[in-house]
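Chain by chain, the residues run as shown.
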Amino acid sequence: MTPPSRSEPIRRAGDFSLGDAVERGTVPSGRLVKAPEHFLDPAGIRRAFDEARHGRRDFIRRAFAAATAGAAAAAAPTVAAAAGDGDDPAILNLPEHTTGLGQPVVTDGYGRPSKHEANVQRRQSPGLTQTSQASVSFAPLQSLFGIVTPSGLHFERHHQGWWDVDPTGHRLMINGSDEKIVRKPMVFTMDDLMRLPSVSRFHFIECGANSGMEWGNVAVPTCQYTHGMLSCCEFTGVPLKILLDMAGADVRRGRYLLAEGADGSSMTRTLPMELVERGEVLVAYGQNGEMLRPENGYPLRLVVPGVQGVSWVKYLRRIEVGDQPYGTKDEVLHYVDLMPDGLHRQYTSIQECKSVITTPSGGQVLLGTGFYNLTGLAWSGRGKVRRVDVSVDGGRNWRQARLETPVLSKCLTRFNLDWVWDGKPALVQSRAVDETGYVQPTYRQLRAVRGSRSIYHNNAVQTWLVTESGEVRNVQLS
Amino acid sequence: MSSCREGFAAVLIAAALTAGAAQAQTFPGIGRPATAKELSAWDIDVRPDFKGLPKGSGSVSRGQDVWESKCASCHGIFGESNEVFSPVVGGTGKADIETGRVARLRDESFPQRTTMMKLSSLSSLWDYINRAMPWNQPKSLTTDEVYAVTAFILNLAGVVPDDFTLSDRNVAEVQKRLPNRNGMTTDHAMWPGDGFGRRAPDVRSTACVRDCGPVPKVASSLPDHARNAHGNLAEQNRGVGAQRGADTTRPAPTTLAEAAARATTVASAAPASRTEPAALALAKQHACTACHGIENRLVGPSFVEVARRHAGRADLVDYLAGRIKAGGAGVWGPVPMPPQSLGDADARAIAQWLAAGARP
Numbered sequence: 001m002t003p004p005s006r007s008e009p010i011r012r013a014g015d016f017s018l019g020d021a022v023e024r025g026t027v028p029s030g031r032l033v034k035a036p037e038h039f040l041d042p043a044g045i046r047r048a049f050d051e052a053r054h055g056r057r058d059f060i061r062r063a064f065a066a067a068t069a070g071a072a073a074a075a076a077p078t079v080a081a082a083a084g085d086g087d088d089p090a091i092l093n094l095p096e097h098t099t100g101l102g103q104p105v106v107t108d109g110y111g112r113p114s115k116h117e118a119n120v121q122r123r124q125s126p127g128l129t130q131t132s133q134a135s136v137s138f139a140p141l142q143s144l145f146g147i148v149t150p151s152g153l154h155f156e157r158h159h160q161g162w163w164d165v166d167p168t169g170h171r172l173m174i175n176g177s178d179e180k181i182v183r184k185p186m187v188f189t190m191d192d193l194m195r196l197p198s199v200s201r202f203h204f205i206e207c208g209a210n211s212g213m214e215w216g217n218v219a220v221p222t223c224q225y226t227h228g229m230l231s232c233c234e235f236t237g238v239p240l241k242i243l244l245d246m247a248g249a250d251v252r253r254g255r256y257l258l259a260e261g262a263d264g265s266s267m268t269r270t271l272p273m274e275l276v277e278r279g280e281v282l283v284a285y286g287q288n289g290e291m292l293r294p295e296n297g298y299p300l301r302l303v304v305p306g307v308q309g310v311s312w313v314k315y316l317r318r319i320e321v322g323d324q325p326y327g328t329k330d331e332v333l334h335y336v337d338l339m340p341d342g343l344h345r346q347y348t349s350i351q352e353c354k355s356v357i358t359t360p361s362g363g364q365v366l367l368g369t370g371f372y373n374l375t376g377l378a379w380s381g382r383g384k385v386r387r388v389d390v391s392v393d394g395g396r397n398w399r400q401a402r403l404e405t406p407v408l409s410k411c412l413t414r415f416n417l418d419w420v421w422d423g424k425p426a427l428v429q430s431r432a433v434d435e436t437g438y439v440q441p442t443y444r445q446l447r448a449v450r451g452s453r454s455i456y457h458n459n460a461v462q463t464w465l466v467t468e469s470g471e472v473r474n475v476q477l478s
Numbered sequence: 479m480s481s482c483r484e485g486f487a488a489v490l491i492a493a494a495l496t497a498g499a500a501q502a503q504t505f506p507g508i509g510r511p512a513t514a515k516e517l518s519a520w521d522i523d524v525r526p527d528f529k530g531l532p533k534g535s536g537s538v539s540r541g542q543d544v545w546e547s548k549c550a551s552c553h554g555i556f557g558e559s560n561e562v563f564s565p566v567v568g569g570t571g572k573a574d575i576e577t578g579r580v581a582r583l584r585d586e587s588f589p590q591r592t593t594m595m596k597l598s599s600l601s602s603l604w605d606y607i608n609r610a611m612p613w614n615q616p617k618s619l620t621t622d623e624v625y626a627v628t629a630f631i632l633n634l635a636g637v638v639p640d641d642f643t644l645s646d647r648n649v650a651e652v653q654k655r656l657p658n659r660n661g662m663t664t665d666h667a668m669w670p671g672d673g674f675g676r677r678a679p680d681v682r683s684t685a686c687v688r689d690c691g692p693v694p695k696v697a698s699s700l701p702d703h704a705r706n707a708h709g710n711l712a713e714q715n716r717g718v719g720a721q722r723g724a725d726t727t728r729p730a731p732t733t734l735a736e737a738a739a740r741a742t743t744v745a746s747a748a749p750a751s752r753t754e755p756a757a758l759a760l761a762k763q764h765a766c767t768a769c770h771g772i773e774n775r776l777v778g779p780s781f782v783e784v785a786r787r788h789a790g791r792a793d794l795v796d797y798l799a800g801r802i803k804a805g806g807a808g809v810w811g812p813v814p815m816p817p818q819s820l821g822d823a824d825a826r827a828i829a830q831w832l833a834a835g836a837r838p
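From first to last, the protein sequence lines are chains R and V.
Under the numbering used here, the first residue of the first sequence carries the number 1, and numbering increases by one thereafter.
Under the numbering used here, the first residue of the second sequence carries the number 479, and numbering increases by one thereafter.
If you're looking for bench data, these hints aren't it; they were derived computationally from the structure.
Within a straight-line C-alpha distance of at most 25 Å, the following computed SDA-like cross-link-like pairs (lysine to any residue) qualify:
| # | chain 1 | residue 1 | chain 2 | residue 2 |
| --- | --- | --- | --- | --- |
| 1 | R | K424 | V | A730 |
| 2 | R | K184 | V | R510 |
| 3 | R | K180 | V | R510 |
| 4 | V | K617 | V | L820 |
| 5 | V | K529 | R | R255 |
Listing some non-contacts, in silico: residues in chain R with all C-beta distances to chain V over 10 Å:
| # | residue |
| --- | --- |
| 6 | L101 |
| 7 | Q103 |
| 8 | P150 |
| 9 | S151 |
| 10 | S409 |
Every residue gets a Cβ at the ideal spot worked out from N, C-alpha and C, and that includes glycine.
Only chain V is shown next, with the shape it has when bound in the complex (with noise of 0.2 Å):
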């Protein structure tokens, strides 16, 4: 009986440590605790109330200093330019200043949504460009020059004065100039949580079965100038199956045995995976092709471009693998190429590509 009751008092102790293993699982061995340098190196995100933002300043017209050299080649010397990405100044005013809401907003006709017509926390933005900018250098501006930026791009936007110092003991203030700080809205059913209240989906339908209205109209669709807009669909599309894809070189066909008989001619016609050139492989992983297409313009000339102009020099490819190493301006444009921080064995790969003509 003795041992019995053993037994039983074994289950109680393990049915408690079932219980409590229920509670709170541990994992011995796995994890250790984060070091406060460790923190400090990664907790880098600002919150809209200003927590994490690091004490320093920067003026306007460092600003200025570090976006022409880091900054407009993308961006443009004014925050304006649309080449590379949407702009980030323009569209906002004076008004908006004082309302906190970008009129141009409501206005459907007005083309483009810049940063500083969205932006409605200050925290976003110096976060923005203390994570993640410059794009091809991200992290690599020092905290007061971080400041410093965000100061100039206000400036343009004519949120502070010329002679103004942006610091952690002022962004509060001027977080109440932001033209559009008044401009978000959390009301809406598509947060998957209770922070911002439940509400049912804004948009209803119903599950209409017979003579559902109205009556259908084609009101939109590609014209035929956009055919062959995304490249042959005929390439698109498997070559075998229950249907096959549209050969857009092509006008479209107007029956269906003109449209079957093209489409069982037109084979498989992916061209066979070519192997990249090598240089190629390296301008990209150098980010060379964040600025230059191989025929099209970007930031820079492309590629084909480049290697047109300087056909025939003697010392071409050292006279490349320089310019890329050293950087430079005014071959091209008022745009500056920063100087490139990879090895010159890469840089003369590059140079020597560039100088056989650029081939993809």
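So here's chain R without its partners, still in its complex pose (with noise of 0.2 Å):
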């Protein structure tokens, strides 16, 4: 390919268009044509732009003729194409769209999905929680397609409500537990760390309690409420480490970190240094391109792959490192799981390997026999799905299915199985593993080592029944 050069015939000011050329066979197709000031001589510029203007006036004569002519039509009584057998209405009689003028840019300066997704919402258990301030909305899994959660659809967990806070009076403390420590404690505004080196990352973030109504018996109709505490979303934020760094943190005797939220409930977490060493956890700003979102910690938030949500800390105010772990009350008395000896686990932070069938979904109807992408999500706290496992049959018999790309460590992963129903009752689960061999237990295997009170961590296989009228119901099996 040569670039076109002044040694090429000047053209006529209407030809600078890329159709034209590739039309004329002047220009191969996927050939890029340089603007006109590359290759006209001043003269010619002149001449382009004067032509250009004249150009302008006839277009919008053409345009004001058209209009008129459209009012015209508009005007007369409108005759419905007679649709015969095997016609389709909607192709026959053109819509509105098609023969009216559309709306303007700039209608909403920061968009909004179609009117008709007005049924695509987070919603709430009801008798979930007593109050709306302490409680929890769920992600609609079942409408969501890819891995990316859109941050208007991410579920909400507060303890004490959600703020939006001016983001030019928030700061972010690092501290020592004692003055050794860490030697410089500091303090960032967000000018400070939105100066600093970034990095952009998918994760899953998903609540510990998420499935936890369903530990002893079904209890919720659809995926939205049995795993809608899940999200996933590009984050966008500083490594931790670096902030620890620039204070001088004891690494080899500050083994802990707390992380603590700047909002009425100031949450409080542990952490581990050997994550946060690995460079794996943020101070987050970003999320799906946007700042955070109000209810999901505007504007920071720590970011902790793999590990459950509540240590996310959001409206994140202060991270202290310490040398022992620090028992908060969300460590104690909240996300501690009850086994069947009635000790209490501690610390349990880890979310292990998991996946849900969105499609077909507990409280959907099928619309009739033949062909279904079945389709649905996998994760892994302890790094990346390596395979899921279908099942049609109630786990007898089991078909792999295809991960779609990107398969990213500690992020949801997509998964679609080709299925054609035959319109009798069918039993569909999926199982992941993971890249540590993990395998997701079904509830029979989780309750014989759990039992059924521990509120979090239910990472059971989920089983969904596809009855023969379509609907699709939620059970657990035997």
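Can you join these two chains into the complex? Each is in its own frame, and there are hints to help.
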């Protein structure tokens, strides 16, 4: 390909379009045509602009004529095209959006979903909590594609309500449990943090209590409520390690950290230094290309990949480095897993490998027999998902699903499998295996070890019953 | 040649600088040292070894006063209430104080876990109250009030006597009497660090592929009466795509044809989004909704109940605005409503909305 050069004949102003050039065979398809000033002399440029101005007047005149004609057509009685057998009126009768003028730009400066998507909402589970400030809303997993949760559909969990914090007044403090463990306690503004080198990473966040209502038996109807305390976003921020180094943290002695929020609950959680040293823990301000949403901790939250959501402290105001775990309210009185022997497991943080089929899933109706793209999500707090198997006979026989890219560590992975539904009842399940070889357990296997009163960390295989009527129900197998 | 040698030396220096930067990256102009005053304002956490616990004290009887005015409305007079949050007190006994293990935690039939059944470190309770209570006015208690409320809870649970005063000097002794002080374990594989030792995951499964057992049998599903308990699921699924949501306002269809006919006639049934009344937004902003539902009773009566009871009063708006500001007790039961610190204009706006029937 030779670039256009001055040796080529000067063209008239009307010729400067790629389409024309391709049509005439002067430029091969896919070739970039440079702007006129790159190969016109000054006189040629003047002529081009001059003709373009005249051309614009012609354009306006033509557009006015067309609009008048359109108005005349609209005034005439509309005659619907007669649809014969097999003819689709949706095709034969041209809709308004085909025959009219659409909306202008910037009707909404930050945009919003189609009005036809109004059913896709975060929702509360009735009766789950008595107040709506210490509560949770579930992400509509059944309506999402790929792996990214739109920021406005990210699940919510607040302990004492959410706030829209002014970022100019927000501060992050780094200090130590004693004076030696952090040499130089520091304060950072948001301006400071956003000047530092940043990274962007996709990670899932799952509440430790996700699926918690289902430990004993089926309690809720759809995957929004069984698994919707789960979201996945691209987070942008500063590796916490950078800030600890700046403050001179003694990481040999300080093997634990405390993260603390600035809201009323001032959430506090203990973290292991190992995750920070590996560069995994981020002090994040970005979410899916925008700033964090207020419900998700605007302007600053901790990102702790693979670990339950409660440790991703929102409205993050302070990190303390210490030499022992902190036994915070959410590590002693909440987020402890009751075992059959009456002991509570403390500091259970990793979200173990888990998966769920989102189509078909509970509360849905299949519209007929035939082909379906059986699809779902898999994730592991210990790394990448290695494989997902799917059963449509309640776990007797399994087929390997396709993992769609990207397959990232501590991130949701989308899986798909071709399925032809024959109209008979089907017990649909997915089972994920992560890169450590850990296999997602059945309810039977999980309960045999942990009983059914744990509340937290239920990662059992989910079963959906597709009934003969096409309705899908949440069930558990014996 | 000499210029070449200089160039070489410059490369060496640059390499040395790069190596230095890799060890301790510096970011001049970013961040500043924290002052002592700032540190003491924010560093409020208390560890299980009581590091961070400020000096102070509070008696059981002082705690009872604070409790009844600031805590009882949510937690009940005796910390037993299950209305708003899980109960604080109950389920522990004298024997548990001896063993440090709450026996009821082994009892599968025991309905609920209280705060005192779980509490293994006294610091956690003190820190909880200090940082997050009262729920709608966190961090408003004085240090001595936090000691006093903690003492009162411990007294309700039989851990300390009626005449006890809890202080920074005796917390370690009280710790030794907590009913569930020996009730925690870190014997699991779910801590992403080395601090508690490394273990293999507790639940083992295998990726069996053919003729795996057991033969599946449905053991649990939602009963028919709960079909619509989460609202109409037809309105909770997209109106286009591989499937629709089930119309749960009607009994389940019996045939595929019936289900399909229904599903395609239920168009997007989601109500057009309505703008919430400004007064309701104010009520949320001022945390009124923490204690009052619109139609449901929480700690206090529902807004609709309030509107109904006082309907017809000539001075209705003035009366309601006054009650919002001043609080009160006795109209709806013994649990007092504390005075609310919102502006007159906001109180009046909420009162007007209540007077007009509290429509959502």
